[in-house]
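Colleague: Below are the chains, spelled out letter by letter.
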Amino acid sequence: MKKYECTICGYIYDPALGDKDGGIPPKTPFEKLPDDWTCPVCGAAKDMFEEVK
Amino acid sequence: MPEPFSAVKISEHVYWVGAIDWSIRDFHGYLTGRGSTYNAYLILSDPVTLVDTVKAPFREEMLSRIASVVEPGKIRQLISNHSEMDHSGSLPEMIQLLRPEKVFASVMGARTLQEHFHLDQEIIPLKDGESLNLGKLKLTFLETRMLHWPDSMVTYLHDDALLFSQDGFGMHLASSERFADEIPAEILSWEAARYFANILLLYSPLILKLLERVGKLNLPIKIIAPDHGPIYRKNLDWILQSYARWAAQKPSRQAVVVYDTMWQSTEKMARAIGEGLAAGGAGVKLLSLKSCHRSDVATEILGAGALLVGSPTLNNGLFPTVADCLTYLKGLRPQNLSGAAFGSYGWSGESVGEIEGVMKEMKINLLSEGLKVKYVPDREALERCFSLGKAVAEKIK
Ligand SMILES: Cc1cc2nc3c(=O)[nH]c(=O)nc-3n(C[C@H](O)[C@H](O)[C@H](O)COP(=O)(O)O)c2cc1C
Ligand SMILES: [Fe+2]
Ligand SMILES: [Fe+2]
Ligand SMILES: [Zn+2]
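Just so you know, the sequences run in chain order A and B. Per the working numbering, numbering through the first sequence is continuous, rising by one, with the last residue being 53. Per the working numbering, numbering through the second sequence is continuous, rising by one, with the last residue being 1397.
Isolated chain A (complex conformation):
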């Protein structure tokens, strides 16, 4: 599963870990995150993320 980086603050979404505080269980691919999910560090929207290459 691919990691995604917030282009605002540099936070990396790692699907293996999910986002516990945001209620996202481990092994959730970025694509499956709800549309209203936001960056846990800076609050940026999902479309501000880019795939880590």
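None of these hints come from the bench; they were simulated from the model. As the structure is a prediction and not an experimental result, all values here were calculated from the model. We put the beta carbon where it would ideally sit given N, CA and C, even for glycine. Accuracy of the hints is not assured; some may be wrong.
[As the list claims (entries may be wrong)] Listed below are several chain A residues computed to face chain B (Cβ distance under 7 Å; list not exhaustive): (1) I8; (2) C9; (3) G10; (4) I12; (5) C42.
[To be verified] Ranges between beta-carbon positions, derived for each pair: (6) B:N1336 x A:K32: 22 to 32 Å; (7) B:P1047 x A:E51: 38 to 48 Å; (8) A:D35 x B:E1369: 33 to 43 Å.
Let chain A serve as the given structure and place chain B with the ligands on it in line with the hints.
Modeller: Quick look at chain B with the ligands alone, frame taken from chain A:
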């Protein structure tokens, strides 16, 4: 003619050329009872370089301080560590006046400076960890994203072992002394904590990571030069360790009771709860929102163990000052707090439930069911308030 304002030499190659704002009392909604400073720094390198500027109305003061050591036209490079306008406000005029060869910022800063000032000057982006030679001197830049803006970075001057730490390690404190060791320790620790609580608390996890990163880099640091307040040249560990402690947010036995009131019923409850907390062995601060500002409350909850919030019910909801304070505190994302809600009401009594709703969103551990009292508390109701306080104190051991 001598310049009316002077620069202050802070290391072999660096002068403070900032401005002292003695009169500011409200800094974007944060009460600054002791004013502030906007610190800009001049590096007498080849080429001469200015690190950050000052808030726009203070540009002349900065220029005069610069002119006390060097003709301002000699400045050929500008570095912006943070694009917030208390530090970048004079940048457009400085660019116009000096026509510098180069203006640098972080990758995000190069963007956000344009989003503020819409300049025709190119801003050169610096990558995290990038270095720059200024003649014989060497600078290295570290991104500190979200401390406290996406563009924030710090600049390290190797030759003077000096860290330009931007808002980090800063405080709002106007003083004619430029160094922390010249200022009473209680004032420093109060204002540094207040700054941390109101500006940085929500980014505590990033601060812990940054401290770890800087530790591993093993850079000798002899001077920390922040963008507000005094400069550290002695006992740097004090401020570094304070940051590590505040960011860890280990709860203490200190309890903060915050409330507002219309006819003093909720206030009577608050006072009885405070007595109970003290009887249970907790340290207690009662903060009435009539006399305390939200930024005072934020300062007091730094390092506290419990937050108790009280509001009467007004038009089926929270009293507005309590809603204001809760909105602010929620944004600061305090960790590891326990809490409880209380309030007086007349017939519908929504306020206590609303406080608990916000507390749950804030992941505050509710130690007791909210305490509601109809109209004016009698002796029995005050005893329940006392018991609530005592029970909370005993649980935050
Ligand atoms: C302490 C502080 C915190 C901020 N937090 C956020 C934030 O979380 N998200 C955001 O989009 N902007 C944030 N901003 C940026 C402001 O929204 C931005 O500077 C805006 O242009 C200010 O508008 P104003 O000039 O009307 O006050 C913050 C600014 C400050 C000073
Ligand atoms: Fe700032
Ligand atoms: Fe600032
Ligand atoms: Zn982000």
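Colleague: State for each hint whether it applies.
Modeller: Verification of the supplied hints:
no. : hint                        : result
1   : I8                          : 5 Å, holds
2   : C9                          : 5 Å, holds
3   : G10                         : 5 Å, holds
4   : I12                         : 12 Å, violated
5   : C42                         : 5 Å, holds
6   : B:N1336 x A:K32: 22 to 32 Å : 31 Å, holds
7   : B:P1047 x A:E51: 38 to 48 Å : 40 Å, holds
8   : A:D35 x B:E1369: 33 to 43 Å : 36 Å, holds
Hint 4 alone, counting from the list given before, is not met by this structure.
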